[in-house]
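Okay, here's what each chain looks like letter by letter:
There are 2 protein chains.
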Amino acid sequence: MDYVKLNKSRHKVKNFDGKKIPTVDVKQIISAASLAPSAHNIQSWHFVIVESEEKREALLSEVDPGNHEQIKQAGAVIVLFSDTDLVERSRDIARLGAGELDDEQLLRFNSRYPQMYEGFEELHESNYLSINIGLVTMNLVLAIKNYGYESNIIMGFNRTQKVNEILEVEKRYRPELIIPLGNSEDKGKPSYRLPQSQIMEIR
Amino acid sequence: MDYVKLNKSRHKVKNFDGKKIPTVDVKQIISAASLAPSAHNIQSWHFVIVESEEKREALLSEVDPGNHEQIKQAGAVIVLFSDTDLVERSRDIARLGAGELDDEQLLRFNSRYPQMYEGFEELHESNYLSINIGLVTMNLVLAIKNYGYESNIIMGFNRTQKVNEILEVEKRYRPELIIPLGNSEDKGKPSYRLPQSQIMEIR
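Read top to bottom, the protein sequences are chains X and E. Residue numbers are given in the numbering used here: position 139 of the first sequence equals residue 139, and the series is strictly consecutive. Residue numbers are given in the numbering used here: position 45 of the second sequence equals residue 1045, and the series is strictly consecutive.
Okay, chain X solo, but in the shape it has when bound (with noise of 0.2 Å):
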């Protein structure tokens, strides 16, 4: 769809037809949404697409109860973490990498940005992770909504290990958000925005 169109029709939708979505679908949604930018090019963002009904139900436990129905309801549920290793993301980069990075690039990953993030202190370092999360979940909602379907973003959960245990993830991730996405016939409607020289100054 065009940008436009879809950046306009976009809206936070809260209720689904309950019918899964096709695990290849959002594969492919995952894949356009992570072609956006991240500070240093870390990417330091972890998708975990829950499948296991029981996972899912599990999952509950930790989330706000008025954000129940929608997940029980999404053609999927996706939680996004962060990797706070990031020392070591760095170098797993320059692994993976090896064959496309140019030696400046894998210099860059091996050893600079290594020692970058070892000097990061706790609040920036969080506020890094925080950045990245917001850039790629921005893509991942328009990539959601160009493929057909509705997608909410849920903060209102206990961002804590506890998602990690139900959820079998590794404890270098933090837990950021869950987005449900499905069919609706809801589209959602535009939300209230303040006038722009509310939010912007010429300077």
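Keep in mind the hints are simulated off the structure, nothing from the lab. It is possible that part of the hints are untrue.
What the hints assert, rightly or not - Partner residues aside, some chain E positions facing chain X, computed with beta carbon under 10 Å:
| no. | residue |
| --- | --- |
| 1 | R1010 |
| 2 | E1122 |
| 3 | L1129 |
| 4 | M1200 |
Ideal Cβ positions, reconstructed from N, Cα and C, are used throughout, including at glycine.
Since the structure of chain X is already known, use the hints to place chain E on it.
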């Protein structure tokens, strides 16, 4: 442009032709970007378009030297801030949106959200703001590309109140990112992406 094509063709570009972009274009780009979702629809972003040559020059004192040239050559420079006064912002939305929001929404922005924000811990609030910044920035760079311009996202600068002083921006706003944009013959190229098996798990 078609979203898939747009998403695949958007790459970072760090060199521009130096020709100023009309402010009306930048405003329309910001308008498109701000259709991004945000947590509780708080829209905690604040865009500053740096029109003054003196202020653009002064800003360089806070930017890593490696990023100076792209800021100098850009057709426009946007400095993106977060509103750290979420309590006040919530009430601002209730006030400014009074004509469009229903009673339940007004109650939320006037009372429920301010109470919630008062209980936020520093780290949580900071991440909350950063995720919102990531969401709007992804939409911003897509909107820029869709308008026919190129852009880059700069994290490499001192994110301190010195930036507010230089740009004469209220202290309630926290500097987050600098986005230079402009015309360029360089259309960028795809950056390395981790294989999907590395960023995705099915559970």
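A quick look at each hint next to the structure:
1. R1010: Given a least distance of 8 Å, the restraint on R1010 of chain E holds.
2. E1122: holds (8 Å)
3. L1129: Because about 8 Å separates L1129 of chain E from the closest Cβ in chain X, which is inside the 10 Å limit, the hint holds.
4. M1200: holds (5 Å)
Consistency note: the structure conflicts with none of the earlier hints.
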